[in-house]
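Working from the sequences, and respecting the hints, build out all of it.
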Amino acid sequence: MTTATDVARIEAPPAPLAVSRTRERSQAETRPAAAFANPYLAGIGLGLVLLAAFVVMGRGLGASGAFSAFVAWTVDGVAPAHAEGNGFYQSYLAYGNPLKGWLVFEVLGMVVGGLVSGLLAGRVRPVIEKGPRIGTAGRLGLAFLGGLFMAAGAKLARGCTSGQALTGGALLNAGSWAFMLAVFAGAYGVAWFVRRQWR
Amino acid sequence: MSAPLFKFGLFGDEVSLLVAFAIGIGFGFALERAGFGSAKKLTGQFYLTDMTVFKVMFTAIVTAGLGAFYLGWLGVLDLSLVYMTPTYLAPQIVGGLLLGIGFVVGGYCPGTSVVAMATGRIDGLVVVLGLFAGMFVFGEIFPAIEGFYHSTAFGAQSLPGVLHLPYGVVLFAVVLMAIGGFAGAEWVERWSARRTAEEAS
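From first to last, the protein sequence lines stand for chains A and B. Under the numbering used here, the very last position in the first sequence is 199; numbers go up by exactly one each time. Under the numbering used here, the very last position in the second sequence is 400; numbers go up by exactly one each time.
The hints are simulated quantities; they were obtained by calculation from the structure and are not laboratory data. What you are looking at is a predicted structure, and each value in this text was computed from that prediction instead of being measured. Ideal Cβ placement from N, Cα and C applies to all residues, glycine included. Please note that the accuracy of each hint is not assured.
As the list claims (entries may be wrong) - Here are the simulated EDC-like pairs of lysine to aspartate or glutamate, each with C-alpha atoms no more than 20 Å apart in a straight line:
1) A:K100 <-> B:D212
2) A:K100 <-> B:E385
3) A:K100 <-> A:D76
4) A:K100 <-> A:E84
5) B:K240 <-> B:E385
6) B:K240 <-> B:E388
Said to hold, decoys possible - If the Cβ cut is set under 8 Å, some of the chain A residues that face chain B in the computed set are:
7) Y40
8) P132
9) I134
10) G135
11) R139
Below you can see the structure in the form of structure tokens.
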């Protein structure tokens, strides 16, 4: 049976391939980035990835653990005796090479997944995200400072927004919910002081 | 029961790293789709102009929470074998405050800084460098703060256990809270857009 849409498809003229390809290329240089996904759809996608981690691995997602694993590996390489006397580094070194850790491979995957999504949407370009009222040096200085704070916060809390708030949130982990409330409290508490960075 | 697959010995450590890589691809893809490779988008949450962080996060929590609950109920997933991070209440609250401050100061959280870096954000790359430096600083001062780090240890604690309520009841309350939160978030965004329009005119 031929439906109306089939007819429309058959009767549509074939796209001129060569022409459209060159047009696409010139558009890629100037075209505005595609709109972000609907937040609820993106949230369902993210939730299904997290659920897959539960079902396949019996654990949740993470991010900050990969950074500390890499630092422990570096310190061990440069000053093994120093790393041996430190309980923090030892917690990563006690089970073999920390670079063969689950979170290290997961974060490497995140780089690929983020890049692929960004390329598909035309959002990959070298930029510094900031508001109009702050200079480049100021913005990058605050970015570095933010990283310092978050590293300490994530290690004290045994996880960051991924490993604690998201994973523990879904598992109804009591400590994770306390952590999540504290994250929002901390961020809203200082947002006013750094508003010139964004607005 | 046949899941978690890894815990039932379906594959070993080497394969688990491939699984990690694959799950990471999905994770990074979802974050970038949501707009979490952009510091302006993320920090809009803290100026009430863009509530996407809340919406995505709580949709994900509800999706994974309900999924895990129903798979457990169907007898597919043994939830008791899914790792629960133990609670260290005081360090987790202080750590949460520090992470929240770092989030709005730096513009990204650790996971989203990776995606930002991958999509060319130079500020995202600098946050990543700050994270590495911060891990080293934390490691070096760790002997001095080890006491606090291990304080207020309660072991793995779930909200249903703490509140003495059935798992399903707490999960249902979280779902209701999320739905109420979504309605609130949509209202806040409309209010914020109106206010910006009024200021401009």
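To see whether the hints hold, each was checked on the structure:
For the hint linking K100 of chain A to D212 of chain B, the alpha-carbon distance of about 10 Å falls within 20 Å, and the restraint holds. A C-alpha spacing of about 43 Å is found between K100 of chain A and E385 of chain B, which places the hinted pair above 20 Å, so the restraint is violated. Pair hint K100 of chain A plus D76 of chain A holds up; C-alpha atoms about 15 Å apart against a cutoff of 20 Å. Restraint check: the Cα-Cα separation between K100 of chain A and E84 of chain A comes to about 19 Å, which is no more than 20 Å; the hinted pair holds.
A distance of roughly 15 Å separates the Cα atoms of K240 of chain B and E385 of chain B; the hinted pair therefore holds under the 20 Å criterion. Annotation: proposed proximity of K240 of chain B to E388 of chain B holds, straight-line Cα distance about 13 Å (limit 20 Å). Satisfaction of the interface hint for Y40 of chain A is found here, the shortest Cβ-Cβ separation to chain B being roughly 5 Å, below the 8 Å cut-off. Checking P132 of chain A against chain B: minimum C-beta separation of about 11 Å lies over 8 Å; hint violated.
About 11 Å separates the beta-carbon of I134 of chain A from the nearest beta-carbon of chain B, more than 8 Å, and the hint is not met. Interface hint at G135 of chain A: violated, since its Cβ lies 12 Å from the closest Cβ of chain B, which is beyond the 8 Å cut-off. Annotation: interface hint on R139 of chain A holds; nearest CB of chain B at approximately 6 Å, less than 8 Å.
Hint violations for this structure: numbers 2, 8, 9 and 10, all remaining hints satisfied.
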